[in-house]
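Novice: Those sequence lines, one after another, are chains S and P. Taking the numbering used here, I'd label the letters of the first sequence as residues 1 to 114. Taking the numbering used here, I'd label the letters of the second sequence as residues 1001 to 1116.
If you're looking for bench data, these hints aren't it; they were derived computationally from the structure. Hints are supplied without guarantee of correctness; some may be wrong.
Said to hold, decoys possible - In silico DMTMM-like pairs for lysine to aspartate or glutamate, Cα to Cα no more than 25 Å straight-line:
no., chain 1, residue 1, chain 2, residue 2
1, S, K58, S, E83
2, S, K42, S, D27
3, S, K95, P, E1053
4, S, K95, P, E1054
5, S, K71, P, E1051
6, S, K58, P, E1104
7, S, K95, P, E1104
8, S, K95, P, E1051
All of these numbers come straight from a predicted model, not from anything done at the bench.
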Amino acid sequence: GENVEQHPSTLSVQEGDSAVIKCTYSDSASNYFPWYKQELGKRPQLIIDIRSNVGEKKDQRIAVTLNKTAKHFSLHITETQPEDSAVYFCAAKSKIQGAQKLVFGQGTRLTINP
Amino acid sequence: DAGVTQSPTHLIKTRGQHVTLRCSPISGHKSVSWYQQVLGQGPQFIFQYYEKEERGRGNFPDRFSARQFPNYSSELNVNALLLGDSALYLCASSLIYSGTGRYEQYFGPGTRLTVT
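So here's chain S without its partners, still in its complex pose (with noise of 0.2 Å):
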């Protein structure tokens, strides 16, 4: 079935240094990518995401970057702060019977150290 790889699964920064989480995905029709942030107790939160007709999107600090052809597709956090700190997660669109399902990696628990 449909996979999401996401790697590493834990990441420790200084703050103002950038940090980088990089997914597989193994569904060659998946069009779509988002990136969502989770913080302790609370929801995913839609960060950023890419659509699979652009290489790179970016929005302030935050970028993501994918190559289709070797199906990954990467989070860029620069400058980055204490409140980036929390678990990300990937997804892919994919296609189950007639709906479009999300399919996540296992989480990337960032620590952004003072």
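Given the coordinates of chain S, work out where chain P should sit on it, guided by the hints.
Specialist: Chain P only, in chain S's frame:
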């Protein structure tokens, strides 16, 4: 502008019991999806509903069922609860359910279900 709401926040049930969880989507959104998130893992797709019909179902047993109402709110029902059903149940709403349009999914706060 209200986001996705879910009730109850927390629930404790005993094995074998039945549970009903509720979700109200963002105003104007017609699609509701349900996900199960076990501690330490990413959310797993259970179903998607659009215009009161189930459009797709993940790899979950028939003990899991749901429905969508004319106002697009939804209920998730789980029968004969098992210890392994303990999880955070998330509802996500989107404007549409398929195609290449505005497909962004926004999650509710979830219902934390504990089965003892």
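Novice: Give a verdict on every hint.
Specialist: Hints and how they fare:
1. S:K58 - S:E83: Holds, because 19 Å separates the two Cα atoms, which is no more than 25 Å.
2. S:K42 - S:D27: Judged against 25 Å, a Cα distance of about 29 Å means the pair is violated.
3. S:K95 - P:E1053: holds, 16 Å
4. S:K95 - P:E1054: Answer holds: K95 (chain S) to E1054 (chain P) is near 14 Å, not above 25 Å.
5. S:K71 - P:E1051: violated, 33 Å
6. S:K58 - P:E1104: Given that 25 Å is the threshold and the Cα spacing comes to 17 Å, the pair holds.
7. S:K95 - P:E1104: holds, 15 Å
8. S:K95 - P:E1051: Holds: K95 (chain S) and E1051 (chain P) sit about 18 Å apart, inside 25 Å.
When held up to the earlier numbered hints, the structure conflicts with 2, 5 and fits the remainder.
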